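Starting from the known structure of chain A, fit chains B and C onto it as the hints suggest.
Here's the letter readout for the chains.
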Amino acid sequence: MPHLEIHNLTVSYEKNQPTLKQFSLNVEQGELVSLLGPSGCGKTTTLRSVAGFIRPDAGQILINGQDYTRLPPNQRDIGLVFQSYALFPHLTVFHNVAFGLRMRRIPKEEVHNRVANALRMVGLEAFADRRPAQLSGGQQQRVALARATVIEPQVLLLDEPLSNLDARLRVDMRQEIRRTQQQLGITTLYVTHDQVEAMSISDRVVVMNQGDIEQIGRPESIFAAPETAFVADFMGFDNHFNAAVASVRDSLLTVNWGDAPIELPWRSKFGSAQAGAMAEIFFRADSASLLAGRDASGLAGQVILHTFHGNEVIYLVETEVGEFSIMQDSDGERFESGATVTVQADTKKWIAIIEESEL
Amino acid sequence: MNRRSNQTRTIILLVAPAFVFVLVFFVLPLIFLLSQSVLPEEGGFTLSGYVDFFQSRVSRIVYLRTLKLGLIVTGISVLMSYPAAFVLARMPVRRRSFLMSLVILPLMTNAVARTFAWLIILGRRGLVNQTLMSLDLVENPLRFIFTETAIVLGLTQLFLPLMVLPLVSAMENIPNDVLEAARSLGANRLTTFVRIVVPLSSDGLVLGATLVFTGSVTAFVTPAILGGSRLLLMSTLLRQKAVILFDQHAAAVVAVVMILTTLAVNLLLRVLRVQQV
Amino acid sequence: MVSRWMYISLVILYGFLLGPFVIIFMASFGANANLAFPPQGFTLDWFANVFETSQFIDSFWISLQLGLSSTIVSLVMGMPVAYALTRFHFAGSGMVETVFSAPILVPGLVIGFAMLNFFVLLGDMQVMTGLFIGHTAILFPYSVRVISASLRNLDPYVEDAAVSLGANRLRGFLLVALPNMQAGLAAAFVLGFITSFNNVPVSLFLSGPGVTTLPVSMLSYLEYYFDPTIAALSTLLVIFTVVLVQTAERVLGLSQFV
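Residue numbers (our numbering), protein chains in the order written: chain A, 1 to 359; chain B, 1 to 277; chain C, 1 to 258.
Chain A with its partners taken away, still in its complex shape (with noise of 0.2 Å):
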């Protein structure tokens, strides 16, 4: 039985206007599923929905086989960090801390050695009696996640934990996140926007799109075979462009390249690909390379411009497909604005994408 089992999550704030539909997900005992999107995608309201905070119009949400949907959010034994940490700021961190042990009527002497257990695993011992204004992004996040974690609860949401941090306490605090969920074997749902951070965190990610599952599946899978057009745009195929398909033979497709035809793994949420149909073709801008002047081994196109980044050279390139964007290293060929160039595909890391049946 898995731990946290979504049924048919259905909510809208307006009529008509679901923000999730029929939104349903199981995460097991332990595991860390990030919930991926852009804003506006139902990712928090599926987070709030679990703490107690959103009544759903329809569906479930069970914890332990327990229903959960109708308990109000203190009485649901939910740890739950914010975008903001969200710590009361007329107390001390160690007070903050002790807070939800309080509200358990934990003895005394217990909610002493609980909490300071909880600091220690943040490294904020030292900082017990301090207030939160006192401590900078970092230790507030941390304080957080010590008051969320420190009731052992049943399930733990972080929703989007560290955006409010700079690039590089992210990946540290990231780590700790991961760290301290797995020691402690915590089921958790993380909410965010940042698909590198979702990638690097999950056991699986679940990616989300105007209230909808565009895609499950383990971080690897999501990042390399996208199954709609949305899931290899927000993970970053910088370069698409349409084609008719050519023949199929089992997983690959066969699509024209310039003067080349060119074999490509596909996927498609719908349906199956039969020649003739349109797929849509993703490549991140490393999954190429250029070749001086024109040649039968790839698609011809003109340099229009290139921008340097230390070890790349990144190039757009106009083809009569359309405009891609190719990085090159610095130190190989280097090619002038005007040039003409030939696009060569690096087609196992490319992805033919169906997006409907002919049916």
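Please keep in mind that the hints were generated in silico from the structure rather than gathered at the bench. None of the values given here were measured: they were computed from a predicted structure. For each residue, glycine too, the CB sits at the ideal point set by N, CA and C. Be aware that one or more of the hints could be misleading.
[To be verified] Far from chain A, some chain B residues (derived; all Cβ distances over 10 Å): (1) Thr8; (2) Ile12; (3) Phe45; (4) Phe53; (5) Ser59; (6) Leu67; (7) Leu71; (8) Ile72; (9) Leu105; (10) Val152; (11) Val194; (12) Leu207; (13) Arg230; (14) Leu268.
[What the hints assert, rightly or not] Chain A is faced by these chain B residues, among others (derived, beta-carbon under 8 Å): (15) Gly44; (16) Pro175; (17) Asp177; (18) Glu180; (19) Ala181; (20) Ala182; (21) Arg183; (22) Ser184; (23) Leu185; (24) Gly186; (25) Asn188; (26) Thr191; (27) Ile196; (28) Leu200; (29) Gly228.
Same frame as chain A, now just chains B and C:
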């Protein structure tokens, strides 16, 4: 160097006119008042006015009554405002600003008009008496006018907005996340209110209490209409000494005691506020 | 976060704050002269009586003149002070601030009494002059505070920009800062006018024979007569302030300055 003296001259030019105005027309009369209270017309410096004030049974009763009613009004205002202010602070902005303008409205209407309503409500044939008699709860109308209850009701109605406004603006600054955090950690609504909302709005409470208390102990119109000469407060006592008894010396003493009382309360609550930070 | 019983407290609060106005309103149309409640019948006689009572009409004009003149003078003299306090850091700025907020800390009745003794009894000053001085003094705290608030909201560099384009400091202020302070100034004006117009404690001692403000004349009317005329006048004044305050609130968001 030159730039600095230039700036000093500009500041003096900007501040001087109003400063001189306040000094001559406000500070000077108060100094004169202070001197009146210690320099009786017979001449010579004396504190006998203050000694008389605190030795006289009447003025002692009036002073203590004033403080007592001030405390009661402040207490009632706190109880009435706290939950209501929380509801207001959590409302959508549009509805809140409409309701807040209704809170301000009484503040913008003169005290005579607002106190007059209590004569209609509490009078011999007023709303309360007519209701009590029609329910056969009493046979003869009760006397409410010229009672402490009437003054407390009138003053509370007068100064309640001064408690609501600072409380609402203090509570507006409490982020929703903080309240939700408390709930997710297991606090029910009441606990969240007591342990989180109240401590985080204590600044507004202290400010509101200062305004309501000092307003109540110095108000004139309400005790004049609802207390009359039968139930004097400090303000009506001052008026009686000055206008009816023509005892400027004693009146000046009452006035100075009023100033010192409000200053002491302001100072006390300011200290309270600083300590909390 | 808000539970149901808290809404009850909201109802009680508003009932208590606004109920008296409903009572006054009803009484002002009632035919019985003894203020029995509920009022019997319907009449506009009490409104007619307001306009036939010369002490109300005369004191209304005095209150109007007083409100306008003291508000304008307190604004004109308060603006440079607010400017100095917000745009310069100087030794003694704390003292200046204290002096200008002092009139709020001293009870109005005491201010009126002290001014009566000093100006009228000692200095033989005209009644109207005394009233004007008293009202201007108590308005300074509001003027300085509201104008300071709107100056703080204004980027000080816009004036520097004007100066860099060739205006002198005064012109920079008048042409660039002042037009951007319109809302704050209007709010200060409405607030100041209403404060003066409604004031009783300061006016009480400073009013003299034939020169009385409207609220004070209402108070002295109550000493002799006990009929719904005051209710009718109060109704008119409430309508007057509702229109004034609602307009100001809609246009300027007055509540942020109170």
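Interface hint status, serine 184(B) versus chain A (Cβ within 8 Å):
4 Å, holds
Go through the hint on threonine 191(B) and say holds or violated, using the shortest Cβ distance to chain A against 8 Å.
7 Å, holds
Would you settle whether the hint for glycine 44(B) is holds or violated, based on the nearest Cβ-Cβ distance to chain A being less than 8 Å?
At about 55 Å, which exceeds the 8 Å cut-off, the nearest Cβ of chain A leaves the hint on glycine 44(B) violated.
Against chain A, does arginine 230(B) keep a CB gap of more than 10 Å to every residue?
47 Å, holds
Leucine 67(B) clear of chain A by more than 10 Å, beta carbon to beta carbon?
Correct as stated: the minimum Cβ-Cβ distance to chain A is 30 Å, above 10 Å.
Against chain A, does isoleucine 12(B) keep a CB gap of more than 10 Å to every residue?
At about 39 Å from chain A, isoleucine 12(B) clears the 10 Å cut-off, so the statement holds.
Under 8 Å is the threshold here; is the Cβ of asparagine 188(B) close enough to any Cβ of chain A for the hint to stand?
Result: holds, 5 Å to nearest chain A Cβ.
Using 8 Å as the Cβ threshold, decide whether leucine 185(B) counts as touching chain A.
3 Å, holds
Minimum Cβ separation between serine 59(B) and chain A greater than 10 Å?
42 Å, holds
Agreement of hint alanine 181(B) with chain A interface, Cβ distance less than 8 Å:
It holds, given that the least Cβ distance between alanine 181(B) and chain A is near 4 Å, below 8 Å.
Satisfaction of the glycine 186(B) interface hint, Cβ to chain A closer than 8 Å
3 Å, holds
Go through the hint on isoleucine 196(B) and say holds or violated, using the shortest Cβ distance to chain A against 8 Å.
6 Å, holds
Checked against the numbered hints above, the structure violates hints 15, 29; every other hint is satisfied.
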